[in-house]
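Whenever a hint applies, use it, and build me the whole structure from the sequences.
Here the working numbering runs 202 ahead of the position in the sequence shown, where the first position is 1.
Simulated from the structure, these hints should not be mistaken for laboratory data. Every residue gets a Cβ at the ideal spot worked out from N, C-alpha and C, and that includes glycine. Treat the hints with care, as some may be off.
[Stated by the list, open to error] Derived CB-CB ranges, DEER-like:
{"no.": "1", "residue 1": "Pro513", "residue 2": "Lys394", "range": "46 to 54 Å"}
{"no.": "2", "residue 1": "Gln514", "residue 2": "Glu420", "range": "44 to 52 Å"}
{"no.": "3", "residue 1": "Val360", "residue 2": "Asp232", "range": "18 to 26 Å"}
{"no.": "4", "residue 1": "Asn468", "residue 2": "Ile581", "range": "21 to 29 Å"}
{"no.": "5", "residue 1": "Gln514", "residue 2": "Lys376", "range": "26 to 34 Å"}
{"no.": "6", "residue 1": "Lys584", "residue 2": "Val360", "range": "50 to 58 Å"}
{"no.": "7", "residue 1": "Ala319", "residue 2": "Ser418", "range": "34 to 42 Å"}
{"no.": "8", "residue 1": "Val360", "residue 2": "Gly385", "range": "23 to 31 Å"}
{"no.": "9", "residue 1": "Ala568", "residue 2": "Phe674", "range": "42 to 50 Å"}
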Amino acid sequence: MQTQTMKFLKNLLPIFLVALLFTACSGDNDNRTVQEYASGFVNSNEKVVLYGSIDLKSILTKADYASVPKFGGIIKGELKNIESGLNLDKGVYFAMEGPFEKGNMGSVYLFMEVKNADSLKQQLTQRGYDLDNADGIDYFRSGDVAFGLKGKLALMMVKSGKFDTKELISGAIKQAGGDLLEGTAAMILAAKSDISINVHLYNNFKTNSGQLGTVSKENMKQLDEMMKGSFSQANVYFENGQLRIAMKNHLSASLKKRMMMLTDDNASIRQSIGQGEPKLAVSTNLDMAKLQTWMDDYAPGAMDKLMEAIPQLQMAMMVAGGKLSNLMDGKIGFAMYGEPKAGAMVPDFSFYVGFGPQGKSLAEMAQNFLSGGTMKLAISDKGVQGSSSDTYKSVAGNSISVPRGCETFGKTAFSGYANLEGMDTKAFEFKGGAKMIELVKYLNFSFDTKGGEILVKLKEDKTNVLKQAASFMLSEFESQIGAMNP
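Structural data, given as structure tokens:
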């Protein structure tokens, strides 16, 4: 008897171990973190072109919402009610489907962790939402917004048009329980910032491939291979005295080889644009041969559409044999001087355009026409430099002066800045949120193949940018109310 029992256990042990291993590998989807639910959804949904996270608690804390007169207490009370059902400390994750058609975004999904399901349901019913239940999922719909609850997952979906709420919510929750992202895709989802936005380049290509028109099958196959495993990441940080967006590209080796963005540590474009202290400047530094090849291979009709939109370009393209690379070498810079006023005449400016093989001959043909006004032109073998007056024309040995904090100008493929220090920004007469430009000291951006940064620096650097923005808009709101009720 003992021998038979031992034999039975011996035979049962391997089966038990296999079952245990299978269970461990498959995981318990009902106990996933909200990040894992978002990861499973993105990995299971080939339509997702954007995904990331929002640290809502961090954003509200930095805005110092509790100290806002009259509204702070209301916001605090509402937040307390929400947090009785949702764990906002774990963040809010999102995913957006493509394609983007006629400027309209696709479906948007938000993922949140349930702290107390009963409390959350109570909050929803108190707000007038009647929940239905099917297959263990509580759900409801209000207009374009649908909401679903299952276990620790709270899912919100925003979708325009007609749709079956039960079907889409249950389908999305099933996808959220799928296999998790791996490698770069998982790494960028785990990145911590106030707002993290990640572009899934392969899914973006797949969902928009139908809009590429006349691209050959061979080139479509090349695009497919280049986009696999490629992502672009932007992390937004609300900091004391500044808004900072840090961008990083994670590109496949084959896509990197086709990139046309160049760098120039010497920022030589500064010597070519002109001289003086511009209030605004922008520049590009591109490999036009690679850009031309990209257009020929993957956007064969783009140049025709551009000429239709800009008829004046047609003659130039005839001279250039239909290729932009024959006109320009990719080094372009523009600078604006003085202080523009709302409704005032165009301020002083200067610019530079580097020549391609046929660029000089075309510029010489157009010189008399362009110089007929107030513009001053100087054409060389390398390029054309122009300015609104001799004060800002390029002179050997001189260059434009770049303000402190904008030292990246001219060093990357795309760069620029706007220096608002000392400028009467109220003269722009902006309305609404655009009036917050009055808080800004300068804006600087730079971008190349690796990534880049956008920095908005405020005049007051000791207080968080969100708190300054909230205080400014509250003040504007109060002044408008005061004007309506004198």
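Numbers of the earlier hints that this structure fails to satisfy, in rising order: Result: hints 2, 5 and 7 break, sorted rising.
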